[in-house]
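Visitor: So the chains spell out like this:
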Amino acid sequence: MSGVRILLFGAAADRAGTRQTEVALNGGATLAELWPVLVDLHPGLAPMRDTLAFAVNGEYARMEDAVSPGDEVAVLPPVSGG
Amino acid sequence: MSGVRILLFGAAADRAGTRQTEVALNGGATLAELWPVLVDLHPGLAPMRDTLAFAVNGEYARMEDAVSPGDEVAVLPPVSGG
Amino acid sequence: MRLFLIVEEPIDVGAIVTGAFRPDCGAVATFIGTTRVDEGAEVEGAIASVEYLEYEAYRPMADRKLEEIGAEIRERWEVGHVSLVHRLGRVDPGEPSVAIVVASPRRGPAFEASRYAIERIKEIVPIWKREVWSDGYVWVGSQVGTRSVE
Amino acid sequence: MRLFLIVEEPIDVGAIVTGAFRPDCGAVATFIGTTRVDEGAEVEGAIASVEYLEYEAYRPMADRKLEEIGAEIRERWEVGHVSLVHRLGRVDPGEPSVAIVVASPRRGPAFEASRYAIERIKEIVPIWKREVWSDGYVWVGSQVGTRSVE
Numbered sequence: 001m002s003g004v005r006i007l008l009f010g011a012a013a014d015r016a017g018t019r020q021t022e023v024a025l026n027g028g029a030t031l032a033e034l035w036p037v038l039v040d041l042h043p044g045l046a047p048m049r050d051t052l053a054f055a056v057n058g059e060y061a062r063m064e065d066a067v068s069p070g071d072e073v074a075v076l077p078p079v080s081g082g
Numbered sequence: 083m084s085g086v087r088i089l090l091f092g093a094a095a096d097r098a099g100t101r102q103t104e105v106a107l108n109g110g111a112t113l114a115e116l117w118p119v120l121v122d123l124h125p126g127l128a129p130m131r132d133t134l135a136f137a138v139n140g141e142y143a144r145m146e147d148a149v150s151p152g153d154e155v156a157v158l159p160p161v162s163g164g
Numbered sequence: 165m166r167l168f169l170i171v172e173e174p175i176d177v178g179a180i181v182t183g184a185f186r187p188d189c190g191a192v193a194t195f196i197g198t199t200r201v202d203e204g205a206e207v208e209g210a211i212a213s214v215e216y217l218e219y220e221a222y223r224p225m226a227d228r229k230l231e232e233i234g235a236e237i238r239e240r241w242e243v244g245h246v247s248l249v250h251r252l253g254r255v256d257p258g259e260p261s262v263a264i265v266v267a268s269p270r271r272g273p274a275f276e277a278s279r280y281a282i283e284r285i286k287e288i289v290p291i292w293k294r295e296v297w298s299d300g301y302v303w304v305g306s307q308v309g310t311r312s313v314e
Numbered sequence: 315m316r317l318f319l320i321v322e323e324p325i326d327v328g329a330i331v332t333g334a335f336r337p338d339c340g341a342v343a344t345f346i347g348t349t350r351v352d353e354g355a356e357v358e359g360a361i362a363s364v365e366y367l368e369y370e371a372y373r374p375m376a377d378r379k380l381e382e383i384g385a386e387i388r389e390r391w392e393v394g395h396v397s398l399v400h401r402l403g404r405v406d407p408g409e410p411s412v413a414i415v416v417a418s419p420r421r422g423p424a425f426e427a428s429r430y431a432i433e434r435i436k437e438i439v440p441i442w443k444r445e446v447w448s449d450g451y452v453w454v455g456s457q458v459g460t461r462s463v464e
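Taken in order, these protein sequences are the chains called A, B, C and D.
1 is the number of the first residue of the first sequence in my numbering; add one for each residue after it.
83 is the number of the first residue of the second sequence in my numbering; add one for each residue after it.
165 is the number of the first residue of the third sequence in my numbering; add one for each residue after it.
315 is the number of the first residue of the fourth sequence in my numbering; add one for each residue after it.
Just chain A, with the same shape it has in the complex:
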């Protein structure tokens, strides 16, 4: 399995037009490297960049953190629970 599963929530799902997608990765990459690949697939996400947070395998991650094939990446707009 060489893909990374991408989950999208809230406004990010709306902008992408999907709640789940997959990005192919050859070996490892950082979240920063993953982002342009994701935007190529779903250009509607581009303007949201500065507002988004990311999680890798269910925990908040920074842009320099590594993503490997088989990981689950979540695209998180500003949370608004409560």
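These are calculated hints, taken from the structure and not from any lab test.
C-beta: ideal position from N, C-alpha, C; glycine also.
It is possible that part of the hints are untrue.
Going by beta-carbon spacing under 7 Å, a handful of chain C positions derived as facing chain B [what the hints assert, rightly or not]:
1) Gly197
2) Ile282
3) Ile285
4) Lys286
5) Val289
6) Pro290
7) Ile291
8) Trp292
9) Lys293
10) Val296
11) Ser298
12) Trp303
13) Val304
Knowing the structure of chain A, use the given hints to seat chains B, C and D on it.
Guide: Here is chains B, C and D on its own, set in the frame of chain A:
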């Protein structure tokens, strides 16, 4: 009716040995003037003086406030609701 | 449902809290005071501890003071609902003696008003509690009672 | 009863609050967030208003974050009980979307911890709400949606 009805609560009722008593008044008096009359009747109250508050007819009153025959005076130890 | 209330029976906390929900308010803050029992201390070879609290009030002054606190809150904060309920008589460990519920459009005022309410109740409402121990009782705040060790 | 919980059905507020009563705690502070609907504004001759809120979550991360907040509270304050419950799906006006209940020996920590809990939930728990209006919806915090007037 020339008496003032005195209600006692909490520790003050314990110290006085009663929850209700009556003090005779000839005309008006202040709470400050009423107090020694009450202590004569119920000497156990004397040591509580500095901790007590008073109400006349259901509202907090100061020692210089007037009490008239027919009034209801309440002797209130430090409140401890909640 | 009356909003400012002194009761002799157990407080129905669920009903008081859900009674505060309103479409024009987004925040409901509540405070509930319950009888707390600390671990007993050993005195002269025996463990003494509080068995329950017993409350009494000067009524109807106490009822009016609860209403006054409600009015003070409505003057100071934007609130849609305020309810203050105090129980009298015996209140066993873990049972509520007082319930405060405030609904406001926003959470800041709801928190502030509920805190204010309990401080004011402890300050101005003519209600007294005594701790009833296995060996006697003590009036809280007056340290007057029947326990020999006090 | 589980203490940190994400639910799809209405929150049983009474059960959550009374479930916090303990003989070693004298103070129970709660915060309940409910759907608030402001008066509709007139836009192009029609009155538009929020009809309900709709919540979604990234699970199980959201469940874990609720538990983390509970652990943070137990580190910072002396508490006997903490419960955090968040609802998902459609939440109508006046209905609770989140319930926070903290019991502590004393009231100061109970108030502080309940306030902390709602601020942290709004900060770190991956839950999102959209306002559903008569003419579309808007994601709160992202201002992205389907309403033509936004």
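Visitor: Could you check the structure against the hints above and give me the numbers of any it violates, in ascending order?
Guide: Per hint list: 10, 11 violated.
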